[in-house]
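Q: Each chain is listed here by its residues.
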Amino acid sequence: MHRKSGLLALALLSPAIVLFLALTIYPLARVLALSLFATDYGFEGATYVGTENYSELFGHRFFRTAAWNTLVFAVLATVSEVGIGLMLALMVNGRLPGSRFVIPALLAPYVLSTMVVTAIWRAWFHYDFGYLNNLLRAVELPPVEWLFNPDIAMLSLVMVDAWQTSPLTFLIILAGLQSIPEEIYEAASVDGAGPRHVFFGITLPLIIPYLFLAALLRSVDAFKIFDKVYALTGGGPGLATETLSMYVYRLGFKFFDVGAASAAAIIMVVISGLLALVYAYKLVGDK
Amino acid sequence: MVRKRHDKIRIGLTYLVTAVFLVPIVWMITTSVRPPIDYVSTSISLIPSQITLEHYRELIEADLMGKAMNSLIVAVGTTTLALIAAFPAAYALVRLRFPAGLDIVFLMFVLLVKLTPPISLAIPLYQVLRSMGLLDTLAGLIIVYQVYALPFAIWMLLGFVRDVPVEYEEAALVDGASLFRRLRSIVLPVMMPGLIATSVFLAILSWNEFAYALLFIQSPENFTLPTFIATLITEDETFWGKLSAVGLLASLPILLMVGFVQKGLTRGFGGGIK
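Going down the list, the protein sequences come from chains D and U. Residue numbers for the first sequence follow this note's numbering, so the first one is 1411 and each next one is one higher. Residue numbers for the second sequence follow this note's numbering, so the first one is 529 and each next one is one higher.
There is no bait here: all hints are sound.
Simulated crosslink set (DSS-like; lysine-lysine; CA at most 30 Å straight-line):
| no. | chain 1 | residue 1 | chain 2 | residue 2 |
| --- | --- | --- | --- | --- |
| 1 | U | Lys791 | U | Lys642 |
| 2 | D | Lys1692 | U | Lys642 |
| 3 | U | Lys642 | D | Lys1664 |
| 4 | U | Lys536 | U | Lys791 |
| 5 | U | Lys791 | D | Lys1692 |
Cβ-Cβ distance ranges computed for the label pairs, FRET-style:
| no. | chain 1 | residue 1 | chain 2 | residue 2 | range |
| --- | --- | --- | --- | --- | --- |
| 6 | D | Leu1418 | U | Tyr696 | 10 to 20 Å |
| 7 | D | Arg1510 | U | Ile537 | 20 to 30 Å |
| 8 | D | Leu1649 | U | Ser713 | 54 to 64 Å |
| 9 | D | Leu1546 | U | Leu600 | 37 to 47 Å |
| 10 | U | Gly540 | D | Glu1550 | 25 to 35 Å |
| 11 | D | Phe1609 | U | Ile588 | 45 to 55 Å |
| 12 | D | Leu1546 | U | Ser747 | 37 to 47 Å |
| 13 | D | Ala1690 | U | Pro564 | 50 to 60 Å |
| 14 | U | Ser747 | D | Phe1609 | 55 to 65 Å |
| 15 | D | Ala1690 | U | Ala705 | 30 to 40 Å |
| 16 | D | Val1485 | U | Ser713 | 46 to 56 Å |
| 17 | U | Ile537 | D | Ser1599 | 14 to 24 Å |
Hint data in this document are derived by calculation from the structure and do not stem from the laboratory. Model, not experiment: these values are computed from the prediction. Using N, Cα and C, we set each Cβ at its ideal position, and we do this for glycine too.
Take the sequences, apply the hints, and build the full model.
A: Here it is as structure tokens:
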């Protein structure tokens, strides 16, 4: 099959290349160029300002808050989702009557549209009639301002994200658990190893690559978070849940400060590029 | 003996946790048929006091079917376009030899696109769509969704093309079959399950997408289901019956495919790690 195939390869790749050129290369070049201008739309009537947009962003409290919140969200979401996924996977792994139904049921929240998920949880977070506060009142606990208390709103956001995406980490980690040969456990039990010893000595080391993959996938996604913030909190209360994606959206599409929004977008691309390097390193390392 | 009891506790716990996990979805189902007086209360019961279809009727009046049709058009269009561009690319990347590791460079670039935050491309994409006159059209949405769909489709199809035994094709080549013929009568049929799995993922991806639909569609008659839901969410705090009804209708088609998703995902991890 390996013949002189340069032209053929180009022909087969050309539809994808054309789409990538139009939808990513050109837009990236354009957003990079726009980030060097003070502009409310394009280049017409725009003033070249060099790297001023960048230096202003770094000095701006809103941007720094958005960056910090994004980091906090990504860390909290990734840790809780890998943790919940691990617990679910440990529970499901092994003899389980009806696993044909249990596993798809656990997967259900993951396939829902984020807007559907948000619709449910906004109702659940409602202070007066929301289901969560009704539950709290039913056990004589005080109701919580899930979305309007600045100290709690971020945790509420993490909770929704964890409900929606833990099924993914669960499935990855379950695949890891199921790849461990049964004989290893049998040998360990012949040697009289206790359950804690088995978990920390055998199971955990063997599923580390899967935990890492789950954490990587979730952190990359968490870094982009937009939909949930937009529809659950709108970045509020105050700036408590403002993230980088929300910030770019607000600057570019609400305040029409296209230059500064482009600079913020470029900063996001650079950060995700670094994450891509980690990812690529891992993919290549495993080959 | 102790071990057996442990196992029983574990199984019982699994059922319990699964049930708790599903409560929000059960709540959505029952709220969609509850009268408003019922859910605007402090009761924790999930059982409706009476069944009503008023929320569904209101949705039909609010042109739910039009929105669902838009979502369907965008899902089918996005999936088709992504497959047309991704399949030949995946085939070439697996089967042909590239000079100077250009295939790796291309794949790394695809990965970078996959990881790039969609919002960072939104401003220039808005301007591109506007200059092409495709802003606020479903066709424009189908095109920009390739930012998500194409990298995803290429990565997923790579594995499925690799699974097609190269000997089949070599045998056909000896018989003088052209590339087009080999693709049509050998590669495509053998990888049909993979193509279907990829299509299901792409369709769900575009069916659920929100950010670009919010930014690039302005006319309510062009809204997809997620943007329609978003307007209901922000319009009034307690349209819960209506929201649940539209949420359920938007989710039913994908919930029916959850088994597919499970298989596809599990396969992906195995391939990604080993």
